[in-house]
Amino acid sequence: MKLKIGLILVMVMTATVFIGPQFTDFDPETIHWDDMAQAPDGVYWFGTDVMGRDLYIRTLLGGQVSLLVGLLATSVSVIIGVLYGMIAGFYGGGVDAVMMRLVDVFYALPFLFLVILLLVFFGQNMWLLFTAIGCYLWLDMARIVRGQTLAVKAQPFVEAAKAMGQNNHIILWRHILPNLINIVLVYATLVIPQVIMIESFLSFLGLGIQEPMTSWGALVSEGADNIEMAVWALCFPALFLAVTLVGFNLLGDGLRDYWDPSNKHQ
Amino acid sequence: MTAMLVKRLLWGIPVLWLILTLTFFLLRAAPGGPFDQERELTPEIEQLIAQKYQLDLPVLAQYKNYLAAILQGDLGPSFQYADHSVNELIALGLPVSLTIGFWALLVALIAGTVLGAMAAFYAHRWPDLMAMIVAVIGISTPNFVIAPLLILWLSVHWQWLPVGGWGNGQWFHLILPVITLSLPYMASIARLVRSELLEVMDQPYIRTARAKGLSPLKIMSQQALRPALLPVVSYLGPAAVGLMTGSVVIEQIFAIPGMGRYFVQGALNRDYTLVLGVVLVIGVMMLLFNLIVDMLYRLLDPRVVDS
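Protein sequence lines, in the order shown, are assigned to chains D and H. Sequential numbering from 1 applies to the first sequence in the working numbering. Sequential numbering from 1001 applies to the second sequence in the working numbering.
There's no promise every hint is true.
Said to hold, decoys possible - If you anchor each label on the Cβ, the simulated ranges turn out as follows:
| # | chain 1 | residue 1 | chain 2 | residue 2 | range |
| --- | --- | --- | --- | --- | --- |
| 1 | H | Val1163 | D | Pro40 | 39 to 49 Å |
| 2 | H | Leu1217 | D | Asp41 | 33 to 43 Å |
| 3 | H | Ser1215 | D | Gly93 | 31 to 41 Å |
| 4 | D | Phe157 | H | Leu1071 | 51 to 61 Å |
| 5 | H | His1157 | D | Pro40 | 14 to 24 Å |
| 6 | D | Leu102 | H | Leu1067 | 31 to 41 Å |
| 7 | H | Ala1068 | D | Glu29 | 24 to 34 Å |
| 8 | H | Leu1071 | D | Arg101 | 49 to 59 Å |
To be verified - Counterexamples of contact, computed for chain D against chain H with all Cβ distances above 10 Å:
| # | residue |
| --- | --- |
| 9 | Phe204 |
| 10 | Ser221 |
| 11 | Gly223 |
To be verified - Here are a few chain D residues that sit away from chain H, every Cβ distance over 10 Å (derived from the structure):
| # | residue |
| --- | --- |
| 12 | Lys4 |
| 13 | Leu7 |
| 14 | Gln22 |
| 15 | Pro28 |
| 16 | Asp41 |
| 17 | Gln64 |
| 18 | Leu71 |
| 19 | Leu83 |
| 20 | Ala108 |
| 21 | Leu118 |
| 22 | Pro156 |
| 23 | Ile181 |
| 24 | Phe201 |
| 25 | Ile227 |
| 26 | Asn249 |
Because the hints were derived from the structure by calculation, they are not lab data. Backbone N, C-alpha and C fix where the C-beta goes; we use that ideal spot for every residue, glycine too.
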């Protein structure tokens, strides 16, 4: 049930955001001087913002950016987390102890504050944004992957592979990694909404996506600033953002219940 | 217990050192300095300022001096707020942030538990469905979306509550920020309580209680709730950390003079010492809070032994 609703919401939102711009001739940056802060009507479907820009196209393009940031930063966190967790779990012993202690230390850092610092100081570069968010979110993934690697490692087929004289590389890639895919997929789905949330949080503080590009977080921030003149400038991006996040959360929860019934909550 | 306490406190020292070092060098590596202005200063004045704040020293020497001062409890002078030390600024901002954080955590805990217990009591019927829909929306909606909407309705439209500001901490200034801040955590706690309660309700001792003829409400409140609340206690650690980050946004939206605002303003103005001070205080609070939560957990569940 959750899985289905989540999947439908995510698919509908993704489709809207990527196909929707086909249906309008408006440009996201053109300023319509005569139609500033115009309420939604037949011409401007979502209204215009206080600078007279069409909000329909801006919301959809902002959504593309938000989803893309979500996907890219999630990939960063998945790559780091899976490699780290797999190595710690597979080699065990001292390597594992040191690596997991390091994760504990990172957990204790006010990481989001460091991400904010990083962005304040090295300029608001999009690539840095993905990497910073991805680096912030790999810790959970590393822990989960390590636990799963420990479980898979104890299985007879790994022993058999060892007995056949296969080297560690091949065992890791060919025998252990494929058995991690389900759990990685589940948690990656749950990382995506986190990333989108963090990106919008940073954009809200003015540190995320910069003009002329926009994202849902940036749009919500603009909308909140001009709430008395144009409520719709807040409502539409906020609605899109919330529905997408609900969709991803439901999808992740549903997948988790489906593949990992032992773990009902984190 | 004491050994564990001492060990945890000692473990905190390298963590705090790492936080400070990372932040320190991140700040110095950044382009732009605290006294860069539109108007060029004369070289003499620039030099005097640099001298006053020890910015003319090599970075490593600055680092050494800073650590030495920290050990004596001196967080240094603020670069942006002239005539104020970072200690003074934090002494002003910290109580404000703590007040909001404390109430938000309390509201989240109580409302979340009630909502979750209600959902579990009426499991798989419509109150459960409603509660869980509220919870999913609460978790998924960022608080900077909810805050402006609440302001628009409650403050601008109906004028029941102030739009923002602190007003010396009067209770009606607290309502909106506390509600907004607590919402996502309330939702998470509600979900946690619900799933734990449902699990506990399957236990044999609950069946026994039921067989003895206790009413469902009594079973829920007197027998099942306590064990079900244990995971909530361990969730309080991450929740408190999240509240601290969340309050950065809340303080920005409601124009509340807390630490979060100092942090953002300080970071934008390259106020090295202020940012370092705030990060340090937040690091200390995170460590302390996690420690308290772990202790609490041990008290509530004697089965947990020191590992």
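Could you check that no beta carbon of chain H comes within 10 Å of the beta carbon of D:Ile181?
Per Cβ check, D:Ile181 is outside 10 Å of chain H; nearest 26 Å; holds.
Was D:Pro156 rightly flagged as not at the interface, with every chain H Cβ beyond 10 Å?
29 Å, holds
Cβ distance range 39 to 49 Å for H:Val1163 and D:Pro40, holds or violated
25 Å, violated
Is it correct that the beta-carbon of D:Gln22 has no partner in chain H closer than or equal to 10 Å?
27 Å, holds
Given the range 24 to 34 Å, decide if the beta-carbon distance of H:Ala1068 to D:Glu29 lies inside it.
For H:Ala1068 and D:Glu29 the Cβ distance comes to about 53 Å; the hint is violated.
Looking at D:Asn249 again, its CB stays over 10 Å from all of chain H?
Its Cβ does come within 10 Å of chain H, the nearest being 5 Å, so this is violated.
No chain H beta carbon within 10 Å of D:Leu83's:
22 Å, holds
Taking the beta carbons of H:His1157 and D:Pro40, is their distance inside 14 to 24 Å?
19 Å, holds
Range agreement (Cβ of H:Leu1071 with Cβ of D:Phe157, hint 51 to 61 Å):
55 Å, holds
Find the nearest Cβ of chain H to the Cβ of D:Leu7 and say whether that gap is larger than 10 Å.
About 15 Å separates D:Leu7 from the closest Cβ of chain H, which puts it past 10 Å; holds.
Hint check for D:Arg101 and H:Leu1071 - Cβ pair distance inside 49 to 59 Å:
25 Å, violated
Evaluate the condition: distance from the CB of D:Gln64 to the nearest CB of chain H exceeds 10 Å.
19 Å, holds
Going down the numbered hints, you'll see the structure goes against 1, 2, 3, 6, 7, 8, 9, 10, 11, 20, 21, 24, 25, 26, while the others check out.
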